[in-house]
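Novice: Just so we're aligned, residue 3 is where the sequence shown starts under our numbering, counting upward by one.
Be aware that one or more of the hints could be misleading.
[Said to hold, decoys possible] Cut-off 27 Å, straight-line C-alpha distance, at most; resulting in silico cross-link-like pairs (BS3-like, lysine-lysine):
hint, residue 1, residue 2
1, LYS141, LYS131
2, LYS120, LYS56
3, LYS93, LYS56
4, LYS120, LYS93
[Stated by the list, open to error] Cβ pair distances, simulated, as ranges:
hint, residue 1, residue 2, range
5, ASP83, ALA13, 32 to 40 Å
6, MET41, SER114, 18 to 26 Å
7, GLY101, ALA45, 24 to 32 Å
8, PRO85, LYS120, 27 to 35 Å
9, ASP110, THR33, 23 to 31 Å
Hint data in this document are derived by calculation from the structure and do not stem from the laboratory.
All C-beta atoms in this analysis are idealised placements derived from N, C-alpha and C, irrespective of residue type, glycine included.
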Amino acid sequence: MKRAVFLLAVAAPVALTGCETILTNLPGVYTIDIEQGNMIDQAMVDQLRPNMSKRQVLYIMGSPMLTDTFHEQRWDYLYSDQPGGEARMQKRISLYFNGDNLAGVQGDFRPSQLPVIKESTETTIDIPKRDMDRTMWEKITGLFGGDDGGTPAAKPKTEIDPSLPE
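Turn these sequences into a full structure, and let the hints steer you where they fit.
Specialist: And the structure:
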(Lines of atoms letter the chains of each structure in order from A; the text may use other names.)
(Lines give C-alpha, C1' and ligand atoms only; values in the text may rest on other atoms or scores of the structure.)
Protein backbone atom coordinates (compact mmCIF):
# COMPACT_ATOMS: atom_id res chain seq x y z
CA MET A 3 0.00 0.00 0.00
CA LYS A 4 2.80 2.41 0.92
CA ARG A 5 4.51 1.59 -2.34
CA ALA A 6 1.36 2.43 -4.34
CA VAL A 7 0.98 5.77 -2.55
CA PHE A 8 4.67 6.52 -3.16
CA LEU A 9 4.36 5.71 -6.87
CA LEU A 10 1.23 7.84 -7.11
CA ALA A 11 3.01 10.73 -5.36
CA VAL A 12 5.89 10.51 -7.83
CA ALA A 13 3.77 9.90 -10.96
CA ALA A 14 1.16 12.63 -10.30
CA PRO A 15 3.50 15.64 -10.67
CA VAL A 16 5.08 14.11 -13.76
CA ALA A 17 1.67 13.52 -15.31
CA LEU A 18 0.39 16.98 -14.38
CA THR A 19 3.23 18.71 -16.21
CA GLY A 20 1.55 17.52 -19.40
CA CYS A 21 -1.48 19.65 -18.45
CA GLU A 22 0.47 22.87 -18.88
CA THR A 23 -1.85 24.16 -21.62
CA ILE A 24 -4.82 23.89 -19.28
CA LEU A 25 -3.07 25.98 -16.64
CA THR A 26 -2.23 28.81 -19.05
CA ASN A 27 -5.87 29.48 -19.91
CA LEU A 28 -7.35 29.69 -16.43
CA PRO A 29 -10.04 32.38 -16.22
CA GLY A 30 -9.17 35.39 -14.08
CA VAL A 31 -5.41 34.78 -14.25
CA TYR A 32 -3.51 37.71 -15.77
CA THR A 33 -0.68 36.99 -18.17
CA ILE A 34 1.68 39.76 -19.19
CA ASP A 35 2.40 40.95 -22.72
CA ILE A 36 5.86 39.89 -23.83
CA GLU A 37 7.66 42.11 -26.34
CA GLN A 38 11.23 41.28 -27.30
CA GLY A 39 13.73 42.61 -29.79
CA ASN A 40 13.78 45.75 -31.88
CA MET A 41 10.37 47.37 -32.34
CA ILE A 42 10.06 47.63 -36.11
CA ASP A 43 7.18 49.22 -38.00
CA GLN A 44 6.49 49.99 -41.63
CA ALA A 45 7.10 53.73 -41.16
CA MET A 46 10.69 53.03 -40.11
CA VAL A 47 11.32 50.75 -43.08
CA ASP A 48 9.76 53.29 -45.48
CA GLN A 49 12.49 55.77 -44.54
CA LEU A 50 15.22 53.44 -45.80
CA ARG A 51 16.69 54.30 -49.20
CA PRO A 52 19.39 52.61 -51.29
CA ASN A 53 22.96 53.82 -50.71
CA MET A 54 22.19 55.17 -47.21
CA SER A 55 25.21 55.01 -44.93
CA LYS A 56 25.32 52.62 -41.98
CA ARG A 57 25.17 55.61 -39.69
CA GLN A 58 21.91 56.84 -41.25
CA VAL A 59 20.39 53.36 -41.04
CA LEU A 60 21.50 53.11 -37.43
CA TYR A 61 19.73 56.42 -36.70
CA ILE A 62 16.46 55.25 -38.30
CA MET A 63 16.33 51.60 -37.22
CA GLY A 64 18.42 51.55 -34.05
CA SER A 65 21.17 49.04 -33.35
CA PRO A 66 20.65 45.63 -34.91
CA MET A 67 19.71 42.62 -32.82
CA LEU A 68 22.29 40.45 -34.58
CA THR A 69 25.52 41.30 -36.33
CA ASP A 70 27.12 38.14 -37.65
CA THR A 71 30.90 38.05 -37.32
CA PHE A 72 31.19 36.07 -40.55
CA HIS A 73 28.81 38.38 -42.47
CA GLU A 74 29.56 41.87 -41.19
CA GLN A 75 27.67 43.41 -44.12
CA ARG A 76 24.36 42.01 -42.84
CA TRP A 77 22.29 43.43 -39.99
CA ASP A 78 19.34 41.45 -38.59
CA TYR A 79 16.43 43.00 -36.72
CA LEU A 80 13.98 40.71 -34.90
CA TYR A 81 10.76 41.59 -33.12
CA SER A 82 8.58 39.20 -31.16
CA ASP A 83 5.24 40.03 -29.54
CA GLN A 84 3.09 37.72 -27.43
CA PRO A 85 0.09 39.64 -26.07
CA GLY A 86 -1.46 38.17 -22.93
CA GLY A 87 -0.49 34.56 -23.50
CA GLU A 88 -1.87 34.44 -27.05
CA ALA A 89 0.04 33.13 -30.05
CA ARG A 90 3.43 34.73 -30.61
CA MET A 91 3.88 37.03 -33.61
CA GLN A 92 7.42 37.37 -34.92
CA LYS A 93 8.72 39.81 -37.53
CA ARG A 94 12.21 40.03 -38.97
CA ILE A 95 14.12 42.15 -41.43
CA SER A 96 17.68 41.81 -42.72
CA LEU A 97 19.61 44.74 -44.15
CA TYR A 98 22.51 44.12 -46.52
CA PHE A 99 25.34 46.59 -47.04
CA ASN A 100 27.89 47.00 -49.79
CA GLY A 101 30.81 48.63 -48.03
CA ASP A 102 29.25 51.39 -45.95
CA ASN A 103 26.09 51.80 -48.08
CA LEU A 104 22.72 50.05 -47.86
CA ALA A 105 22.39 47.58 -50.74
CA GLY A 106 19.26 45.53 -49.98
CA VAL A 107 16.41 44.68 -47.65
CA GLN A 108 14.97 41.24 -46.99
CA GLY A 109 12.30 40.00 -44.58
CA ASP A 110 8.73 40.69 -43.51
CA PHE A 111 8.81 44.40 -44.39
CA ARG A 112 9.37 46.07 -47.77
CA PRO A 113 10.18 49.76 -48.15
CA SER A 114 7.65 51.68 -50.23
CA GLN A 115 8.64 53.67 -53.30
CA LEU A 116 6.52 56.65 -52.25
CA PRO A 117 8.29 59.60 -50.66
CA VAL A 118 8.01 59.75 -46.90
CA ILE A 119 5.79 62.60 -45.75
CA LYS A 120 6.04 63.04 -42.04
CA GLU A 121 3.04 64.69 -40.42
CA SER A 122 3.87 67.41 -37.97
CA THR A 123 2.99 66.58 -34.41
CA GLU A 124 3.71 70.09 -33.17
CA THR A 125 0.88 72.34 -32.11
CA THR A 126 1.09 76.09 -31.67
CA ILE A 127 -0.93 77.64 -28.88
CA ASP A 128 -1.38 81.40 -28.61
CA ILE A 129 -1.70 82.50 -25.01
CA PRO A 130 -3.24 85.96 -24.59
CA LYS A 131 -1.30 88.48 -22.54
CA ARG A 132 -2.64 88.76 -19.01
CA ASP A 133 -3.27 92.22 -17.61
CA MET A 134 -1.98 92.37 -14.07
CA ASP A 135 -2.97 95.00 -11.52
CA ARG A 136 0.09 94.35 -9.40
CA THR A 137 3.18 92.23 -9.70
CA MET A 138 3.73 89.21 -7.50
CA TRP A 139 6.30 91.13 -5.43
CA GLU A 140 3.83 93.95 -4.81
CA LYS A 141 1.21 91.44 -3.69
CA ILE A 142 3.62 89.79 -1.24
CA THR A 143 4.91 93.04 0.22
CA GLY A 144 1.34 94.32 0.42
CA LEU A 145 0.54 91.53 2.88
CA PHE A 146 3.10 92.87 5.36
CA GLY A 147 2.95 96.56 4.61
CA GLY A 148 -0.71 97.10 5.38
CA ASP A 149 -1.57 97.89 1.77
CA ASP A 150 -5.11 96.59 1.27
CA GLY A 151 -4.80 95.98 -2.46
CA GLY A 152 -6.30 97.88 -5.28
CA THR A 153 -3.76 99.97 -7.12
CA PRO A 154 -0.02 99.82 -6.72
CA ALA A 155 1.34 102.06 -4.03
CA ALA A 156 2.61 105.37 -5.37
CA LYS A 157 6.13 106.35 -4.45
CA PRO A 158 6.26 109.47 -2.25
CA LYS A 159 7.73 112.52 -3.87
CA THR A 160 10.90 113.67 -2.18
CA GLU A 161 10.86 117.41 -2.54
CA ILE A 162 12.84 119.49 -0.12
CA ASP A 163 10.96 122.38 1.43
CA PRO A 164 13.10 125.54 1.00
CA SER A 165 11.74 127.10 4.21
CA LEU A 166 13.31 124.39 6.40
CA PRO A 167 16.82 124.96 7.76
CA GLU A 168 19.45 122.54 6.69
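Novice: Is it true that ASP83 and ALA13 lie within 32 to 40 Å of each other by Cβ?
Specialist: holds (38 Å)
Novice: Is the Cα-Cα distance between LYS93 and LYS56 27 Å or less?
Specialist: Holds, at roughly 21 Å.
Novice: Is the hinted range of 27 to 35 Å satisfied by the C-beta distance from PRO85 to LYS120?
Specialist: holds (28 Å)
Novice: Are the Cα atoms of LYS120 and LYS93 separated by 27 Å or less?
Specialist: holds (24 Å)
Novice: Does LYS131 lie within 27 Å of LYS141 when you go C-alpha to C-alpha?
Specialist: OK: LYS141 and LYS131 at ~19 Å, within 27 Å.
Novice: Between the beta carbons of GLY101 and ALA45, is the distance compatible with 24 to 32 Å?
Specialist: holds (27 Å)
Novice: Does the Cβ pair MET41, SER114 satisfy 18 to 26 Å?
Specialist: Check passed, 19 Å falls within 18 to 26 Å.
Novice: Going straight from one Cα to the other, do LYS120 and LYS56 come out at no more than 27 Å?
Specialist: holds (22 Å)
Novice: If you check the beta carbons of ASP110 and THR33, does the distance land in 23 to 31 Å?
Specialist: holds (25 Å)
Violated hints for the displayed structure: none, as all numbered hints are satisfied.
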